[in-house]
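Asker: Once you've looked at the hints, go ahead and assemble the two chains, each given alone in its own frame, into the complex.
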Amino acid sequence: MPEPLKFTYDINGENFASAGEASMQIKKELRSLGFAPETIRRVSIAMYEGEINMVIHAGGGVAEVLVCPEKIEITLTDHGPGIPDIDLAMQEGYSTAPDAIRSIGFGAGMGLPNMKKYTDEMIIESEVQKGTKVFMRVDVK
Amino acid sequence: MGTYNHSVLLDIDKCKGCTNCLKRCPTEAIRIRDGHAQINSNRCIDCGECIRICPYKAKKAVSDKLDKIWDYKYKIALPAPSLYGQFDNLDDIDYLLQGLLDYGFDEVFEVARAAEIVSGYTRRYMNMPGIVKPVISSACPVVSRLIALRYPFLIDNIMPLKPPVDVAAQLAREGAMAAHPELKREDIGICFISPCPAKVSYLKSEREQGHGDVDCIISASDIYFAIVNKMERKQATVPVSKTGMIGVGWAASGGEATALFNDKYLAADGIENVIKVLDNIDNGTLPNLEFVELDACTGGCVGGVMNVANAFIAKARLQSIRRYLPVSQNWDFFSKQEDKGVPNSFYSQETLKYQPEDSLSGNMDEAFRKRAAIQEIADRLPQLDCGSCGAPTCMAFAEDIVKGQATEEECIVKMRDKIQQLLKGENYDSK
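Chains as they are written, first to last, in our numbering: chain A, 1 to 141; chain B, 1001 to 1431.
To be clear, the hints were calculated from the coordinates, so they are not data collected in a lab. These figures come from a predicted structure and were not determined experimentally. Glycine included, each C-beta is placed from N, C-alpha and C at the ideal position. One should not assume that every hint holds.
Which residues of chain A face chain B? A partial, calculated answer using Cβ under 8 Å [to be verified]:
#, residue
1, S23
2, P37
3, S44
No farther apart than 25 Å at their CA atoms in a straight line, the calculated lysine to aspartate or glutamate pairs in the DMTMM-like style are these [stated by the list, open to error]:
#, chain 1, residue 1, chain 2, residue 2
4, A, K6, B, E1174
5, B, K1068, B, E1174
6, B, K1184, B, E1174
7, B, K1370, A, E14
8, A, K117, B, D1156
9, B, K1023, B, D1013
10, B, K1276, A, D10
11, A, K6, B, E1408
12, A, K71, B, D1013
13, A, K117, B, D1279
Isolated chain B, as found in the complex (with noise of 0.2 Å):
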């Protein structure tokens, strides 16, 4: 995979230096350098937690600029199913899929409904014999890269299917090749409007590896505040809304999950609640499930950070639109199938490969001999884990110290303890 694209990024003016971020990474991927924060991005997952928790809103989440769009003849929008939640009394889809029309786009995919087709062939997945269970669900790219850094014995278990945004993307452009033989393919602008940076940096690396039918990727607030206002909530003339309670119920933790039908399964939203559940997995300790859906979000994908409503907020107004919708509008799509199994097109073509993202040294003489010398020097520190040398921890300040990343001066209680003894030194000198 080479180094990861990735769509978190820093606005050096705004950074103050401070630790907020440093102590909320989950794979300890920041430091503090020159007074701001740098981030490492071999170990980054685009899981956004430093956006959510910088003060300064110095972190942001970066996407294609909306105006993109206008460099293709025709313009297909793609919004996930968490965009449904973002807009107040919002009681029929068709409102907003007619906001995206008026807007400017030629015609609408709706994610939710190629997330229907993804439920329906996991179903099939799933009873296919010699899998690896529990299965993972692979819609949340952050989930994958974890495991791809950490966990190279769950790979296997990581769902092999397309997720949805993809499906979208490929079936939307199938039918409108078919629909237009006219256009080019360069004609065609496939616009996901994303929840997340992590989606971003997931559909850029496809991108780049030559796969992948995405085209262009938009931000959901900045869809949010380019159509809000106009959006005249009359009833949609072209666009039917294709979606039913389970593909607007991928939108929040455990909608993924639960379309499958078999109630052994566990849903887990939280980068940390999923950090733990993986662990678990790896132990082997979570005997007879079948299926184990993690969203690096809280709440799940309305929890993503280019969301502007409140992820709970969001998940709540889901559950108003869902009520009045049959269970799936997609049972056609497989009911004209002949064969039951998954065709090839609908598998990933991304294999992930293990990736350790805290190697020491590709020696492991020398490894070794660097871990000792981290001990030697984290046994000195004071282990406030205060953040104050830009490190998250005492220990990590150590290994970056080996490393030759930082040195020692740099702990601040250190020299705190350093002063003190001076002072006194001169005290007893003047007496």
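Okay, chain A solo, but in the shape it has when bound (with noise of 0.2 Å):
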């Protein structure tokens, strides 16, 4: 069993054109490393929708993504508002994107259910003015 491989990313809260690099990269880094496309497409699906909530909501973070031969495992961490009602937050269509994200096509509420839809497993930890931590893993099948 090789060592699982860890690539982290800072995702730039500022720059909103820039949301949806570090999916991209991830994206690169699984097809050298020689995984199955609907792996990769899982991975960078939901790492697409967190990287996009994080800009979105909370200015930036940080994804750390552990990459192992059987499963991928992805950390968002952001020091935004938090969120105070998950089970509201995860139902499809509810969505707190200001009007302004909504006009350029984002804020559907459709982030977080994709990302459970995606993965085998996501945990959202969150503290209201604290911060909300995702963790996600994809089991390679």
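Answerer: Right under this line is the structure:
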């Protein structure tokens, strides 16, 4: 068993145009490591949605990705406003994104549901005014 | 597909080993080794960026020699729509078509005409149930190849119909065989006049796989210089252009997409922009789009490196040519048809396969170990991405070291630091 690989990305909260870059980077890494397209897709979509969320709601944060041959674990940490009601936030179509964000096609309330849909496990820990930590695991099938 | 035939080649004598192409290549396919550039054919997508940037004209787009056309008894020219934009004050396409005939071609079949037929079939294809959207145009071979290398999930989005050049070749051959039953297949030479090396590679690979009707591929600039001074610009006698606005429009970015009469489209040009759009589609962030037209060259096919004219000047000329043309001159091709589908012979025979370009190893454990080793080396490198070592970035250099294709001593920045340390040591000793 090889040592897991760890990749860390700073998600810049000030530049909306750069959101999605970490997801692109990890996609490239997984491709070069020889993961199947299906796995790469699940990881990159979950990661992309998480990145966008951190930029829209939390002013950025850090994404850590632990890559093992049998699973990929993503931990997204931010110091944003936190999520007061996680169950409500998980509902499809529920969104607190401002109009300006919606007007460019984001904030449809599908971010968290998509992240859950494409991963095998998702744990959200959040404290209002302190920040949010999202852990996601994608198993290699 | 095996190894892809490339049409971007290097003239070693002219190459100075500078880093211009190295930094420009969108797939990091170039390395400088032993003082000159090398192209990794597994990664090259024939986009022509290195040809555009090379200050020493050491990169060349290769095609068949113009003389090859004389090998055939019956020569049919297939001018790409972008050729129409190469000539100054060309207010009638027929002048150019007549020029091709005067040069020695026996017949001309406009690719622009085939493009109008492809547009018609694409409109039908777009209405078929169950197709994957957004449909991505298959006309630019650079884009299809890039998708095969990097975007396995977008392979099903690629339009499965033949691009105009293949349709033109097919119809030209059928027409010639019917009109001249005395001709054998090998007597007919179908010569595509290409704006870019990517089309050359695409058609060569097709020929190698035993399908496709194009026999020789001539560069637009060779044809330009062969006929520009001989074109009499008199009214054509035999060929009358069978192209409307749609066909000519294919030469520039957006032309293929607007011909679908569906406003839910996106058209992007320039390889960097194309990559960004593909990333967005891959991430699922382009909702509500039906069709995506992507052209690797800035401006569309008029921007191809085998052309003579500046892409934007060519585009402006095409606008004036298009102005007095009907929308299409090929409606009759469809009006006779009973069936409203797409015939099998218009579907592409090529099936794209995912071929990841940057795989570290076929064995995952090995790939993991290599990746860890790359990181360890990369952390020691200056991260200036200067290119002096011959790799485009420090990360790519680290990868080359792990693959055994380079050694860490080749980093000039590290060497400079080493020399300075040695000098300091000497100074200390002499005190």
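Asker: For every hint, state whether the structure bears it out.
Answerer: Structure-based check of all given hints:
With a least beta-carbon distance of about 7 Å to chain B, the hint placing A/S23 at the interface is held under the 8 Å criterion. At its closest, the beta carbon of A/P37 sits 4 Å from a beta carbon of chain B; the interface hint therefore holds under the 8 Å criterion. Because the smallest distance between the Cβ of A/S44 and any Cβ of chain B comes to about 7 Å, under 8 Å, the interface hint for this residue holds. Under the criterion of a C-alpha separation no larger than 25 Å, the hint pairing A/K6 with B/E1174 is inconsistent with the structure, at around 59 Å.
This hinted pair checks out: B/K1068 and B/E1174 have alpha carbons roughly 22 Å apart, not beyond 25 Å. Our distance criterion of 25 Å between C-alpha atoms is met by B/K1184 and B/E1174, whose separation comes to about 12 Å. A distance of roughly 35 Å separates the Cα atoms of B/K1370 and A/E14; the hinted pair therefore is violated under the 25 Å criterion. As the CA atoms of A/K117 and B/D1156 are separated by approximately 22 Å, the hinted pair is consistent with the 25 Å bound.
Of the pairs offered as hints, the one joining B/K1023 and B/D1013 holds, with about 21 Å between alpha carbons and a cut-off of 25 Å not exceeded. Proximity of B/K1276 to A/D10 is assessed by CA-CA distance (about 20 Å); at most 25 Å being required, the pair is judged to hold. About 23 Å separates the Cα atoms of A/K6 and B/E1408, which keeps this hinted pair within 25 Å; it holds. Only pairs whose Cα atoms come within 25 Å are accepted, and A/K71 paired with B/D1013 is rejected, the gap being roughly 50 Å.
Our distance criterion of 25 Å between C-alpha atoms is met by A/K117 and B/D1279, whose separation comes to about 21 Å.
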